[in-house]
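Undergrad: The residues making up each chain are set out below.
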Amino acid sequence: MPIDQLYILAFGLFCLGVVSALLTSERPKMTNILSHGLAVLGCIATISLAVSVFASGGQTLVFQFDAPLGLIKIRLDSLAAFFLLAFGIVGTAASIYAIGYSREYYNRRYAQLAALYNLFLLSILLVLTISQVVAFIIAWELMTVVSFFLVNHEYEKNANTGAAYLYILMTHVGTAFIAIAFLLLASQAHTMDFELLKTGMMSESLRSVVFLCALFGFGTKAGVMPMHIWLPEAHPAAPSHVSALMSGIMIKTAIYGMSRFFLEFLGGGPEWWGQLVLALAIISSVFGVLYALMEHDLKRLLAYHSVENIGIILLGIGAGMVFTSKGMPLLAGLAWIAGFYHVFNHAVFKSLLFMGAGAVLHSTHTKDVEQLGGLIKKMPYTAFFFLIGAAAIAGLPPLNGFVSEWLTFQALFFLPKAVAGILGKFWAVILIALLGLTGALAATCFVKAFGVTFLAKPRSAGAEQAAEVPWTMLAGMAGLSLTCVAAGVWPQWMLGILEQVVAGYDGINTAGLFDNSQWYAVAFETRQAGGVLTMPVVVLLIAAGLLAAIVFARWNGVPRKVSGETWTCGIVPTARMEYTATGFAQPIRRAFSSVLNPVDEIITDKSLNPYHGVKIRLHVHVTHYVNELLYNPLKDGVQNLAQYLTGIQAGSLQLYIGYIMAVTVVVLIISTRW
Amino acid sequence: MELLTILLLLAAILQTRVSNLRLAINIVLVQSVIVAMACVIIGIQTHEVHMFIAALLTSAIKVGIIPFALYRLLPYLHEEREIVGREIVKANFSTFMTLLSIILSYGLISPNLPGVAVASTLPAAVSLTLIGLFFIMMRRQAVMQIIGLITMENGLYLFGLSITQGLPLIIEMGIFLDVLVAVVVLVILTYRLKLSLESTDTSLLKKLKG
Amino acid sequence: MYELILLALILPIVTGALSLLQTRPAALRTVNLLGSTAVTGVLFTMIYRITQENVYSTEFFYVDHLSAVMLFVVALLTFTATLFSLPYMEKEVKDGSISELMLSRYYALFNLFSFAMISVLIVGNLGLMWVAVEGTTLASALLVAFYFNRDALEAAWKYVMICTVGICLALFGTMILYYAQATAGGAGYALNWLALRGIAAQLDPAVVKIAFIFILIGYGTKAGLAPMHTWLPDAHSQAPSPISGLLSGALLSCALYVLVRNVIIVQAVIGAEYPQYLLLGVGGLSVLIAIPFVLAQHDVKRLLAYSSVEHMGIITLGLGVGTPLAIYAALLHIVNHAVAKSALFYMAGTITQEYKTKNIRQIRGVISVMPLVATMFIVSILAITGSPPFNIFISEFMIIMSLFANQQGVLGGMTLLLLAAIFAGMMRYSLKMGFGIAPAGMGRVEVAAPAMTAMGVSAAILIAGGIYLPPLANSVLLQAAKIVLGG
Amino acid sequence: MSTTILLQTIVIVLLAPLIQGIVKNTKARLQSRRGPAYFQPYYDYAKYLKKDSVISPTVSWVFHFAPYIYFATAIGAAAIVPTVFTHSGVKFDNLFTLVYLFALGRFFLAAASLDAGSSFGGMGGSREMFISVLVEPPLMLALFTVAYSADSTGLSAMAAAAGALPVSFSALLAAVSFLMITVAETGRIPVDNPDTHLELTMIHEGMVLEYSGRPVGLIFWASAIKQLVFILLLVNLFIPWQPEGFTSGLFAATWMLFKVVLAAVLLAGMETSTNKIRLFRVPGLMAAAGVFSLLALVAQ
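Residue numbers (our numbering), protein chains in the order written: chain D, 15 to 688; chain F, 50 to 259; chain G, -14 to 472; chain U, -16 to 283.
There's no promise every hint is true.
[Unchecked claim] Example chain G residues on the side facing chain F (calculated, C-beta under 8 Å, incomplete):
| id | residue |
| --- | --- |
| 1 | 11 |
| 2 | 49 |
| 3 | 120 |
| 4 | 123 |
| 5 | 130 |
| 6 | 140 |
| 7 | 143 |
| 8 | 145 |
| 9 | 160 |
| 10 | 281 |
To be clear, the hints were calculated from the coordinates, so they are not data collected in a lab. By construction, the Cβ of each residue, glycine as well, lies at the ideal position given by its N, Cα and C atoms.
So that you can see chain D by itself, here it is in the shape it has in the complex (with noise of 0.2 Å):
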């Protein structure tokens, strides 16, 4: 079929799952079917038009139609091919889960959840597609205010409005920045047209300033540290299949609209433009992934380790822009593509997690880990497919997360060679080093997550009558698990794509960057140095070593397994006496108090019996130096400001008429002066 034709296909498969909702909102287990239905369709299509680009080999295609506003232009090139790739993926399991997670909301509203749920599809096809400047703001901000209503379904919760609210404010905010950036470049190339932006002819300060809109702006919509706080309010708030999306897929269309601006528009910069991008990647990963681990509510976790991982994507790209500035394009090119592997493995082990969490909310009704356990007896497909999940997103091998990561480290380790001198190299390890400190809270926190969530007894009554979720939503975390599987066993397919997203631009070379030659190896080869990732090989010494492992346990006959009582001091073990996952995160939240700063509160509750002792619990949080120090402030700085300055409106007609004369008099003096 050809590609225009799919594309228009899977349009209007999502339409047609917007309509197709709506018009059966009287009997939702149609509605279900029908419209999630046919956003599965839709988003195969979408793979498929991805796959069909670059079967192609990577040819830009463009097409275009009139619209009201003046010639709407799509545009197919590998870049946009490479996000819609990772979007099918991501929509098509996301879908497929949906179609069992979504009967909890049969009585609430359930048309609009699914036809917004297409919408939201829809608008996230479009924004990766379109090319015109106000088109693509208007895609952009329909992805906003579509997502805003997912994530404001449940409003009967309070909180969720606050969290939806907040979500809004901070893209929109994002959004105006986005949008000076692109009316910079526009007003400068005399054109909308996003193949002809990075004509214009600007002065460096003025490239300089665009780049940090686009940067700020884009990067408020990833969740980039400062401007993350939006993200652990809303992703959670969403129902889990909108998250798994949000999280997975449009977190990343803010990656896709950096990429556009660093790689096409702005093409190389100035090498503190790669290094700000940098300093805010170490910043979001190191501190997302340690609130992540205060964290005690799953999705709220999860939120946060996208913060973390929005951080290791930009450890690649902002690499890559050094690079790029220092004319490296064969490392850049290898920077540019950690980057991207690591967007495309994010989306994918993030959705799964999501997934996951949502399955967990679905069977126990609860999202805090301190009430779960046991899960994995109740709920064992759940349990291993989050446990992939949980593995890929801790870097380790042979799953995805590992390639990506290792990726970025090898990006980072020829740091150096861009950055002269002892301040590259050290630049060079610490990021090295943050990164690995990184990944080893990762691990830490899926440890806690798994390990609370899956494993031991039950904490609470949700938990214990917990039960296995419908095999659609497993589905579509089995099509998740061996993504993660595919991606990291087999990397070549992957980089084969990458090398075809990052050549052509200016400053990126991919020419016979990645060796091939040999089956079980991706040997990367630069004139400066070199690297190998064996993911096949690694593979083969895990399974060997099981293998072995199981000759030693097996040498002297199957054993015999003697059943018996955890030891617990010969007490009657309960689900009381196993670890908490405060407990669990409390030596790091003490040894990492100075950037945390925990604070315990004991709270005693004496109305039982003041004879016999009381009851006390601990309530542990930790403090948020953004909100505090920034967010806080500001606010209630304006808000005191904005409160200051309605005295202009201060009641008195005297006044007002005052206001009229004064401005009187002040216009007649311009005027004389002019």
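Fit chains F, G and U to the given chain D structure using the hints.
TA: Positioned in the frame of chain D, the structure of chains F, G and U alone reads:
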């Protein structure tokens, strides 16, 4: 003409010292009479018929109906008066401002519009407008503010007279109608204010803010 | 055409007079529905005729594409306002807020008000325009004071005083303009707009410049431009909600229209630069000044009123940029804003009538009381704050785009950020009202069909306008923009 | 090539308990005890691998699976750690691969520690992960100093490059740093005490407390392998110096073995001469290790 101008400004200055409502209405009535006379004089000078009609309208509306309406209002407003010393700006200061605006008008505005036929009345007209504006700003009584508005309107009218011998008749009639309706509306509002607030002190009207 | 103009002027008067003679609600309803349908029909026919004939001009009347744009606004808004008034005011009577006698007065004043607005748009003489504008103030003053309670009286008093002072300045300016015309030898067609434009080259620039200052401040007062906007939140919040919608959507637009008519002439005399800088300054200030009030607000209708100040600022910015795109966008924005803001006032009216308070803090959970109204309200708030894909975004973005294209990127960027601040305030309060838990005792409420239609039509235009602009409308706007540019 | 890998792996796996025995024996001697035989760990592991295990009914497959994967990652690490064999051809022995292989094993073991539902296991797991978090940055720093001079992240390339460099202050600093890391990673005093089951002090032992029989044999063996791998890293990357003539073949192997034994003795000596420090003093220790590495980088 010169004499009329001086009388007019004198009336305006007098106005700033008045606290009694009835007296204030009287003064504004005198003002309107002077404006009407100015109309007549210009009519005689230029032999324009419509100036006489304008004079007639002025006397009918500004000397007749408007003061009549205000007088009718007065009985409802017993014991209402501008309390001297409680004005937003003290009486002396407001007189001073009035004088200042007169000086400013004469000093600044007349050189800027050269070649006007009746140049001497022009600064007077401007200063009358300014005085009206100041008057609204400095007084609290609703009726006083209405009077300020009428003063301003008089100034404007005189301004029109002095630079262009008045606007076309149809527009003038429209303006007269507007002034009339404005005063009627304001009188209704004042009456209602007295009913609801038991006072026509506009400094009480500060509830709507922010 | 002449008959149409006469009809457009006579019909509201007749409807008003008939309303005054009626007291039965049913009769009032019929008379006004028929009357406003007729007026709207006449106005639409007029607009259609203009698209065919381009311009209609007599000694007193002058209608061209620019007036057509505004006539569309007034036609649509008087119609929706009437439609919305029918159930709204009857409920006011039922609730005991007003007496039945007042109802007929309401309609009489309402029709007088629309008469005044229509006459602003079809007279071709700057002096008469002034008279008509002052007429709108006076017709609406008693509507603002309609409840005759303390707050309403206060608002009306300020409204009349400030607007009259402002409009006196405009008269001052108009007189100076007339003086310029007279000295240039064009006294024969005194203040006739066409005549003035014709002899613009002969006018004395220094005099016209001074005239422009007073005209800008005078009509700016009426159009709610900062810092002369102070009457606006008071009047908008105290008037009955249909009237608030009309004030905000139609009246402000009319005032801007008169300003634009004057600017056309002034630009022809003294060049574009000076007026443009003044307009940019006033426009920017209006956007800026609205922010604190939107951020710290307690009254839902005041919130909307300040948003009107902001939008008047944006339109003025567009006029100030002065490129064809900007003018086009500014005119489109006038239409868009009128539709959106009137719809919002209707919705706010429905909500406040049900909750019996305008205090934002006491309004909660509208979505569970009136789901459709609440949804439309949130969507309209999104629209009015310039979120795509609604119509306001299109025009707003075009204005900002033209700022950037006109080498005023700093102003454009700042405007974008200021708009984000407005967004913060508007969204915050509307979400608080829209969602959450409704106060005890508030059950689900059915909204009367006419009111729903009025809101629905506007909301539909909001959404449709973001996606599609009919070619006819487009061509009218283009023609109008050409007129503003002096072509 | 694959034969040398196989050979290396088998040797390391088989030699690991001996090194463990040497450490234990030396430690005992230093403390004036006689100590277990050098080959005692072999007997122990053989016995463990014969025993049945007591399994809590609370646990899931994760608990059963963890020892195997832990052992597997140790073997994987053994295959890629640099020894005397220089792997020409494909260099898949990447340092990040090594680090993340260990992370994989640790991840499962820590997860399994939560599975039995006792507080000890959870506490052990929590602390183990905590230590790993603290070790990671200095580990990366120390390895980077070597990798930077080799201009490669391949382990054998790094070993080759390190061997070519003369003895320097920078290298010594890095060596000290890595020694501290080794102590932390292998769970030795002053970070952890491998010989105690006192609930307040144990970390690694606490984590595997619920295991018995064959699984525990696998775990202990894997720990021994991990210890040897770290010692090998230490001797090949950080103290790679060889006397003239010992550069290849059997001589090199003997020399390396000598260094490994020396390092084992050194570890035992360190363990005897220091106290176990409080858990929250460990960050300071690791920060010191990081600072040493950074200094090494500066001195390079």
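Undergrad: Which of the stated hints cannot be reconciled with the structure, identified by number in ascending sequence?
TA: 1 and 2
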